[in-house]
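Enquirer: Below, each chain spelled out in residue letters.
There are 2 protein chains.
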Amino acid sequence: MQGHIVSSFEEALDRINESLARMGGLAERQLADSIDAITRRDRTLAEQTIASDKQIDELEVDIEAQALRLIALRQPMAIDLRETISAIKISSDLERIGDLAKNIAKRAQAVDQASPGRAMQGLGRMGRQVLTQLKEVLDAYAQRDHERAMVVWRRDEEIDEMYNSLFRELLTYMMEDPRTISLCTHLLFVAKNLERIGDHSTNIAETIQFLVKGENIGQNRPKGDTTSVTTLEYPKDMPSKDAGTAE
Amino acid sequence: MQGHIVSSFEEALDRINESLARMGGLAERQLADSIDAITRRDRTLAEQTIASDKQIDELEVDIEAQALRLIALRQPMAIDLRETISAIKISSDLERIGDLAKNIAKRAQAVDQASPGRAMQGLGRMGRQVLTQLKEVLDAYAQRDHERAMVVWRRDEEIDEMYNSLFRELLTYMMEDPRTISLCTHLLFVAKNLERIGDHSTNIAETIQFLVKGENIGQNRPKGDTTSVTTLEYPKDMPSKDAGTAE
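Protein sequences, first through last, are from chains A and B.
Per full-length UniProt numbering, residue 1 is the first one in the first sequence, and the count goes up by one each step.
Per full-length UniProt numbering, residue 1 is the first one in the second sequence, and the count goes up by one each step.
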């Protein structure tokens, strides 16, 4: 690589896009592994997932440097400029996705108790949906298909709904059996991280729209996460449970 | 403004910087108000804070559009290019700060119970520290003072420590009195949002370093948030409390 002189704008852009495709693949893998690590309580996988985030971070720094150099040296315009700016934006979203997945993996290491089975199933389901959305939006980017990107953008509401129902469920578990408070708190943050990863997929969808159509779709995405205004009342006659959630 | 033709790169950059200064001021205000709203349980202030986030969102779209137009039309290089790119990056961090503050304000509306006084004091203290850091980093940006920015960058660890101790405290409250679970969960997310706002201030500090020195300081910031691996064991002989936390 050293000493290689890039002969055209296209060649430089191709190289950025290769890095970005590699980064997208790593982020998908990172997310899939973090979901497996938490749902199966697999500490070894969690450890690997935490370690591998470094590669994603390095790719972001690399892509941003390549893109800025390209803008400075070649002064691209119109679609070429949008391609370059989009690469910076998408790499920044992928870096955050890697970070959030790493945080899920960290929590997988902390989760040593057996957990309420139904909540864990819900978390697995939400995780798979978030992963599907990420794959879809990266495919849409690879094909510069803004309509496909908009499908992802609209479907984020389903993830928000899953998050809402998990939030209520986990709060209920904690109230029913306070011994699960520490565990369920971690699972709440895992669910929140998944919801945030979904938001980053919609950011990428918006960038694809900007890239292909040259227009900003702005801030009017339907927001379905209502947990910040959710309160559950503690039942007045909560039976004092000898709850048998431990394995 | 309509029809006004920008006569120089400097003039266009000044205009971007004015928008950014306004955006920074609004983000500070938004954060201060959201902290007051939650610590004083002031629903009216919470409502205003939620509504005013829209202005910050609009400024981000506006700054990004101005900056991209400037790059496309003027093809700036070196420091001029870094100035323009930095404006895009900082506006993106400020937009997220506004968003996180809005979320704190939403939770202020949900918090109707009286809350454990000491936790609320801790939250107020953490909030003030986060606000100080944001002010500092925006001043550092206004003066293009990368050393001052690096002070902010290093001090983020203190915020992480405050977050760690609040996290443990809130978990303990929930265990001692399960009737506070719903409330304390909201306060946990508020604390997490404040910790994230601290991270965005460090992002801005990194951008200032990039802007002034032309170099990326990379990913080696000391990370002090250990809550993702924190577990609190439920005490075996937890007395069944008639806890009198209600006012």
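Check before you lean on any hint, since a few could be wrong.
No copy is singled out in the list; a pair is fine if it fits within one copy or between any two copies.
Heads up, simulated DSSO-like pairs for lysine-lysine below, C-alpha to C-alpha not over 30 Å straight-line [what the hints assert, rightly or not]:
(1) Lys54 <-> Lys89
(2) Lys135 <-> Lys192
(3) Lys54 <-> Lys213
(4) Lys192 <-> Lys54
The set of hints was computed from the structure by calculation and includes no laboratory data.
Enquirer: The structure should be examined with respect to each hint, and the outcome stated for every one.
Expert: Hint by hint, here is what the structure shows:
1. Lys54 <-> Lys89: both (19 Å within a copy, 22 Å between copies)
2. Lys135 <-> Lys192: Result: close both inside a copy and across copies, 19 Å intra and 28 Å inter.
3. Lys54 <-> Lys213: between (33 Å within a copy, 24 Å between copies)
4. Lys192 <-> Lys54: Result: close both inside a copy and across copies, 22 Å intra and 23 Å inter.
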